[in-house]
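Letter by letter, the chains look like this.
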Amino acid sequence: MKTILVTGAAGFIGSHLSELLVRRGYQVIGLDNLSYGSLQNLTSILHDSNFRFIQGDVRDRDLFEKISDSVEAFIHLAAYKIPRYGNALETLDVNAKGIENVLKVAQKRGCKVLFASTSDVYGKNPNLPYSENNDFYLGSPQVRRWSYAISKILGEHLCFLYGKEYGLRTVVLRYFGSYGPRQNLTWWGGPQSIFIDCALKNKPMPIHGDGLQTRSFTYIKDTADGTLRALEREEATGRVVNIGADAEISILDLGKKIWKLIRGSDPPQIEFIPYRQFPGRYEDVRRRIPDIRWAREVLGFHPRTSLDEGLQSTIEWQKGITSFG
Amino acid sequence: MIHVLITGAAGFLGSHLAERLLEEGFQVTGIDDLSHGILDNLSRCLPSPHFTFYEKDILDERFLMGFSEKVDVLVHFATYKIPREGEGLRTLEVNTKGTEAILKLARGNRCRVIFGSTDDVYGKNPELPFSEESALVIGNSRSIRWSDAISKIYSEQLCLAYQDEYQIPVNILRFAIIYGPRQRMDGWGGPQGVFIERALKRESLPVHGDGLQIRNFVYLSDAVEGITRVIKNEGVCGEVLNIGSSQSLRILDLAYLIWSLVGNPERPNIEFISYSDLWRDYEDVRARELDLTKAKYLLGYEAETQIEEGLRKTIEWYRENCRG
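Chains A and B supply the protein sequences, listed in that same order. Using our numbering, the letters of the first sequence map in sequence onto residues 16 to 340. Using our numbering, the letters of the second sequence map in sequence onto residues 361 to 684.
The hints are simulated quantities; they were obtained by calculation from the structure and are not laboratory data. There may be inaccurate statements among the hints.
Unchecked claim - Residues from chain A that face chain B, not an exhaustive set, calculated with beta carbons under 7 Å:
| id | residue |
| --- | --- |
| 1 | A103 |
| 2 | L107 |
| 3 | D150 |
| 4 | Y152 |
| 5 | S155 |
| 6 | P156 |
| 7 | S162 |
| 8 | H172 |
| 9 | L176 |
Where a beta carbon is used, it is the ideal one built from N, C-alpha and C, also for glycine.
Go ahead and model the full structure; you've got the sequences and the hints to work with.
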């Protein structure tokens, strides 16, 4: 039975992926420092004999060495996100050192490494949809939001260079925004959780800019499925793989859809927030859609969950944990 | 006396800056591991009572931790460039960890940091000229060609993040290709060194790709002038600044120009080398031009040296120093 070490296991994607791996018969070691993840996310597998949770930081190499004895593959999800509200330094530091530690330990043991990168690396590239070979269009370093994408691009380079220089088997997964039960309830988790919260509480939904910026939203089960396929299929080794749903929707339409699913025909309450109200300078990306032909054709990855269906179960979950006091 | 610490001090740019600062009455400390720089470059600095040199690797944590002298400005030029096959990881490591080490030192010292970046960070951006606000357009991560640019972009972000977190005033200088006396002749510092060496031997000039790619060149003393102005002007702290010249030219034209400046009567023999013979997954940048409005406005900086004049001086230096 194969052992997989998942970093960021108590997070949103990490917990769903760990569940899927355990169900599939893997031994899973879940590492998380619980800075953003929570043990509650792991309730269903925490006492499973095929799952072991370790609280620790991805920057702690000694710990990695200690727990990696039997590991055959690393899935490195742990990351620090969203410099929108500051702390670019933490983002740059955690993300660069985390992947470096994983690669160093994996190199010693000959493990495979899956690295979670992000659609944010494509930045402001106007050529859509984004295939894995598209260029990165990054903005000025004076705009802190780019620190996240840059820390991930550095991680991608490290993965490929460990592949080239040490023959390590690495896969770079570029995740496009996921949503679903256990998603983070702040902007960290994306706009949908905020919109659901507002609609449940009958409060105006805050929309950044004009709301006409578009994104694709991938249901978490599909994200986990794509990751599993990249783990099990050797064709993915040495590649970048886009993991996301390719249906495009504007943030404004997403808000309206969520409102309708929760409040029916009530007219949606929307509050537009200009970007200039953010601290520091901020740059948004207008459109962001993945080209997933490669993953579809070679890995058989089909993000099947429709937005309505996925949002419905997300809303159900969020209802259960929202206090209306 | 203002104390400036220069990493990469025995290199081409670092050594000239050290000289200039000593002339202006600064106290200067140089650090260099001499992996690429040479002590000869510092022959005019070493006798000065205001100059101290340490042969140290910037990744030598114990040395940096023990470095307790008060520094006012830290100029970080130590870098690893042009990753060839097999040196990509080293490039990323030296450049990202080197910057981090320097920023930690600056944090302890409460001093300014001036970080030497490159116009390569603008990558494939098709919109010329590049202003400091232009997008950084970087190709696929599988191409090792971008590792150096990424290490610089990461370092730029790290500098600004330290400024945010710890109030370390930083400047990021994005340099064009700098040429002049003491430059390396092996292509590390750009094609002009190789062209000069080969032209003087009347050998064929190796041109990568079709030679129609355009690059921006700035003469050494102009670049040093720009850096010195940044050091003297605390008012520009926090700014990203292009340091280049108005002279962008095609690599093929540069080859012809150097050939004629050397005085060879016959036409040069150009040897075109396809990128695929040099690197795997290479992606060329077609054109680079720098918008220098900001440096002119904030620093009064203007590159004065014409390319013919600068190249003539460089060729002269090469004739005097390098032919055996």
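So, going through the hints one by one against the coordinates:
no., hint, in the structure
1, A103, "holds (4 Å)"
2, L107, "holds (5 Å)"
3, D150, "holds (5 Å)"
4, Y152, "holds (5 Å)"
5, S155, "holds (5 Å)"
6, P156, "holds (4 Å)"
7, S162, "holds (5 Å)"
8, H172, "holds (5 Å)"
9, L176, "holds (4 Å)"
Violated hints are absent here; each numbered hint is respected by the structure.
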